[in-house]
Amino acid sequence: MKKAMDIAQKNLAIMLLIIAAILFGVTTKNFFSVTNILNIFNQNAYLIIAACGIALIMIGGDLDMSVGYHMSICGVLCAMMLTRTTIPVWVIVLLTIIISVGISMITTFLTELLGIPRIFVTIGESTLFQGVAYVLTNSKTVSDLPVSFKQIAQGTVGHPSLTYATLLMALIVIIMSFVLSKTYFERWVFAMGGNITSARLAGIRVRKMKYSIGVIVGLALGIASVILIGRTGAAAANTAAGTEINILTGILLGGVSIRGGEGKISNCVAGILLIALIGNGMQLAGWNPYYQYIAKGGIMLGVLGFDMFQMRRRSIMNNQRKEEA
Amino acid sequence: MEPILEVRNITKRYPGVVALDDVSLSFEKGEIHAIMGENGAGKSTLIKIIAGAEAPTQGSIEIGGASYPRMHPMDAKKAGISVIYQEFNLIPSMSVAENLFIGEKVGKSRYLPDFKEMYKRAADFLSELGSNIKPETLVFELSTSQKQLVEIAKAMVQNCKVLIMDEPSAAISVAEVDNMLRIVRELKEKGVTIIYISHRIDEVFGLCDRISILRDGKYVTTGFLKDMTRKDLIRHMVGRELSETYPHTRGEGKELVLSTEDLSGNGDFHIDMNLRAGEILGVAGLVGAGRTELAKMLCGDVRPLSGNIYVKGTKKNFKTVSDALDSGIGLIPEDRKGEGLFMDYSVDWNIPSMCFKRLAKWGIVKQKDAEALTDEYVKALRIKTPSTRQVVRLLSGGNQQKVVVARALAYRADILIFDEPTRGIDVGTKQEIYKLMDALASDGKAIIMITSDMEELLGMSDRIIVLYEGRKTGELLRSEFNQDAVLSYASGYTGD
Numbered sequence: 000m001k002k003a004m005d006i007a008q009k010n011l012a013i014m015l016l017i018i019a020a021i022l023f024g025v026t027t028k029n030f031f032s033v034t035n036i037l038n039i040f041n042q043n044a045y046l047i048i049a050a051c052g053i054a055l056i057m058i059g060g061d062l063d064m065s066v067g068y069h070m071s072i073c074g075v076l077c078a079m080m081l082t083r084t085t086i087p088v089w090v091i092v093l094l095t096i097i098i099s100v101g102i103s104m105i106t107t108f109l110t111e112l113l114g115i116p117r118i119f120v121t122i123g124e125s126t127l128f129q130g131v132a133y134v135l136t137n138s139k140t141v142s143d144l145p146v147s148f149k150q151i152a153q154g155t156v157g158h159p160s161l162t163y164a165t166l167l168m169a170l171i172v173i174i175m176s177f178v179l180s181k182t183y184f185e186r187w188v189f190a191m192g193g194n195i196t197s198a199r200l201a202g203i204r205v206r207k208m209k210y211s212i213g214v215i216v217g218l219a220l221g222i223a224s225v226i227l228i229g230r231t232g233a234a235a236a237n238t239a240a241g242t243e244i245n246i247l248t249g250i251l252l253g254g255v256s257i258r259g260g261e262g263k264i265s266n267c268v269a270g271i272l273l274i275a276l277i278g279n280g281m282q283l284a285g286w287n288p289y290y291q292y293i294a295k296g297g298i299m300l301g302v303l304g305f306d307m308f309q310m311r312r313r314s315i316m317n318n319q320r321k322e323e324a
Numbered sequence: 000m001e002p003i004l005e006v007r008n009i010t011k012r013y014p015g016v017v018a019l020d021d022v023s024l025s026f027e028k029g030e031i032h033a034i035m036g037e038n039g040a041g042k043s044t045l046i047k048i049i050a051g052a053e054a055p056t057q058g059s060i061e062i063g064g065a066s067y068p069r070m071h072p073m074d075a076k077k078a079g080i081s082v083i084y085q086e087f088n089l090i091p092s093m094s095v096a097e098n099l100f101i102g103e104k105v106g107k108s109r110y111l112p113d114f115k116e117m118y119k120r121a122a123d124f125l126s127e128l129g130s131n132i133k134p135e136t137l138v139f140e141l142s143t144s145q146k147q148l149v150e151i152a153k154a155m156v157q158n159c160k161v162l163i164m165d166e167p168s169a170a171i172s173v174a175e176v177d178n179m180l181r182i183v184r185e186l187k188e189k190g191v192t193i194i195y196i197s198h199r200i201d202e203v204f205g206l207c208d209r210i211s212i213l214r215d216g217k218y219v220t221t222g223f224l225k226d227m228t229r230k231d232l233i234r235h236m237v238g239r240e241l242s243e244t245y246p247h248t249r250g251e252g253k254e255l256v257l258s259t260e261d262l263s264g265n266g267d268f269h270i271d272m273n274l275r276a277g278e279i280l281g282v283a284g285l286v287g288a289g290r291t292e293l294a295k296m297l298c299g300d301v302r303p304l305s306g307n308i309y310v311k312g313t314k315k316n317f318k319t320v321s322d323a324l325d326s327g328i329g330l331i332p333e334d335r336k337g338e339g340l341f342m343d344y345s346v347d348w349n350i351p352s353m354c355f356k357r358l359a360k361w362g363i364v365k366q367k368d369a370e371a372l373t374d375e376y377v378k379a380l381r382i383k384t385p386s387t388r389q390v391v392r393l394l395s396g397g398n399q400q401k402v403v404v405a406r407a408l409a410y411r412a413d414i415l416i417f418d419e420p421t422r423g424i425d426v427g428t429k430q431e432i433y434k435l436m437d438a439l440a441s442d443g444k445a446i447i448m449i450t451s452d453m454e455e456l457l458g459m460s461d462r463i464i465v466l467y468e469g470r471k472t473g474e475l476l477r478s479e480f481n482q483d484a485v486l487s488y489a490s491g492y493t494g495d
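Residue numbers (numbering that gives the first Met the number 0), protein chains in the order written: chain A, 0 to 324; chain B, 0 to 495.
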């Protein structure tokens, strides 16, 4: 029983993903077609790329709630540069990513300066960013992005649904899985998530680490916003609004603890895909799209409950288990 | 005499563990009844069951003529049971008086308390305990011992008949302990039954009438302390004979490895000290005397305001903990769970946790090397663990402490600062920690030991420095060691 629980917890997302896939595969036509599956990847590439950064923050014991409008600002600025200036596309992409890293650095700086958890800083920032995004666009959608830019996300190789976005996502997932599996950087992130004071007293330069994580998150969100507006071909202030909830739910589903110090990228990807799949399946089954919110919210609460249950189980063991040697 | 509180055949099972196994105890009116046992003996579970915070799997609690198979916290309160846990149950942002009368009706109104009346009555309760705490003070402004006093007063307000105190002397200074013990004796005179949980054998002998001992969740014995010897007590607790001795196989201190000159900062002022390889330097002082602050400056966690630190003759300016580590200074922190270990990670994660970067090639940690390092120190320090994959949380306190030491040694630290090395470690394992410290010193490591345990201080140190309010008030060589000298330096006497 205990072993089954452990396996279930470690690979919850992957197991549920398989169950959901089978369920939708049986009930809906065309679900298992190569095109549909590649489309799911294509539609969610930006979420998975962003999640690779956010997972790092969460494993390190922090939370970020400003993802959505952070990405919106990047997307809006990128679209405005594309439509109103003559700067070469590749330079604009680079600038967008640099802006994203800059925003992420500001977040980290504020967290350190104010000495409060990142979750609160980012809740405040989120509203602030929302305002900035609307001011920048004057609440209008910036569309008619150049084809050469849209190719970055939409261009395909081999199969008409296998996009550059999907390939880029795969590359980033592979890199992050590697970074989060064997390196000393990974050990340090887990140390911070496990116990930040112990980490500091173990000689880990916690502050420096937070900025390093900030850079990676900035890169991930910058790339994600380029992919997002490249795919949709337009940017508005609310382009990525609410993304943080999708990502948070997916990552929690992927076995990352809300308290940090646990998690694997592969499971996070499965978590995000599961959320996407549920949306996609419900859509194919012809459900009212608003039911998706109910499903996502319910899943998030369920996963949080499971996480707390795990913690309680552990603290009982802590009180009661004795030396086994 | 009629017992006031009885615990009958209590069994408490948690998934996979029996925390209490058919335990029966009875407590008489107006006695101070000690409960002792090693960590994991079931003391905490027993208190929680008596207080109604946990339900027993089997058995019942008898109080005031009623029998409760499952006591609700309100039942316990009505029956006059109060518990003072180690973590106090006070609301920091509220005043002392409000805390005292929380949940009580004060004055005539049904909805609004009469604050004037409340402050007056609070002042009465406090002065009765011989305290000059002002009722309007906010609780977060109080010291630990004052908070404890407020907890005692709160129990008085609730007209408690049975007061359970969980390790009340663990976090307060010697003088404060004396005051607390005086109050406990006064309560006894008033007919209150006190259930006193403590690890400190001397204190229990000096204070309590009877003692009950638990071991591994089972009841061992109850008896009058006047009929018992220290040896009996320890034997009952650990289930074997044990002599508390302090190993001393090391020779004289060798070359100077660490010294400070006029070191000041964060509560410490102008501290000069020297540390030699192969010796154990005891640092004494009351809680708040600046001992931990000194340790934090030496290990690079806090930057000194002025003064110098010299390691092996070179002046050092530590910006972070890793700078200090690079000079060979490792801290074994006071709160090993909160500041030392990664509780949910394995032994073979924790032991190399200071040296991941050193163990890495091209950024990738060489797992084989990390495991070899772990095995080396598990063997050298005789850490008892079923496997190196075991999560540290599941080790005993003593073995957890060894893991923290192993971590610093794995970094090749040769100046070790032990802050309260045996706090919360049971009698049986203390010996092992002492042996380990002695062996490390014999091996040429320099050790600074900060401790509040007088016996340990006098037994283990080669030299002692005493701090008082951030200043060094005295230094004693082993030939000059005596308890009175340490205590008088610790209370500010400088010898003139």
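Just so you know, not all the hints are guaranteed correct.
[To be verified] Partial chain A-side listing against chain B, Cβ under 7 Å, derived:
#1 Lys28
#2 Arg83
#3 Pro87
#4 Gly123
#5 Thr182
#6 Tyr183
#7 Asn194
#8 Thr196
#9 Leu200
#10 Ala201
#11 Arg204
#12 Ser265
Note that these hints are calculated values from the structure, not bench results.
Please read these numbers as outputs of a predicted model, since none were measured by experiment.
Glycine included, each C-beta is placed from N, C-alpha and C at the ideal position.
Checklist entry - Given threonine 182 of chain A as an interface hint, is the shortest Cβ-Cβ distance to chain B below 7 Å? => result The hint holds - threonine 182 of chain A has a Cβ within 7 Å of chain B, the shortest such distance being about 5 Å.
Item to check | Hinted contact asparagine 194 of chain A with chain B - closest CB pair below 7 Å | outcome: holds, 5 Å
Checklist entry - Was the hint right that proline 87 of chain A lines chain B, CB cutoff 7 Å? => result violated, 34 Å
Item to check | Interface hint compliance - lysine 28 of chain A to chain B, C-beta minimum distance less than 7 Å | outcome: At about 46 Å, which exceeds the 7 Å cut-off, the nearest Cβ of chain B leaves the hint on lysine 28 of chain A violated.
Checklist entry - Would the hint on glycine 123 of chain A stand, with a C-beta cut-off of 7 Å toward chain B? => result violated, 23 Å
Checklist entry - Does alanine 201 of chain A pass the interface check with chain B, least Cβ-Cβ distance below 7 Å? => result Since the shortest Cβ distance to chain B is 5 Å, the answer is holds.
Next on the checklist: Using the nearest Cβ pair, does serine 265 of chain A come within less than 7 Å of chain B?
Outcome noted: violated, 18 Å
Next on the checklist: Hint validation: arginine 83 of chain A versus chain B, beta carbon distance must be below 7 Å. Holds or violated?
Outcome noted: violated, 42 Å
Next on the checklist: Tell me if the interface restraint on tyrosine 183 of chain A is satisfied: Cβ within less than 7 Å of some Cβ in chain B.
Outcome noted: Holds, about 4 Å.
Checklist entry - Is the shortest C-beta separation between arginine 204 of chain A and chain B less than 7 Å? => result Holds, about 6 Å.
Checklist entry - Does the nearest C-beta of chain B fall within a distance shorter than 7 Å of the C-beta of leucine 200 of chain A? => result holds, 6 Å
Item to check | Minimum beta-carbon distance criterion (7 Å), threonine 196 of chain A to chain B | outcome: For threonine 196 of chain A, the interface hint holds, since the closest Cβ of chain B sits about 5 Å away, which is under 7 Å.
Taken one by one, the earlier hints fail for this structure at numbers 1, 2, 3, 4, 12, listed in ascending order.
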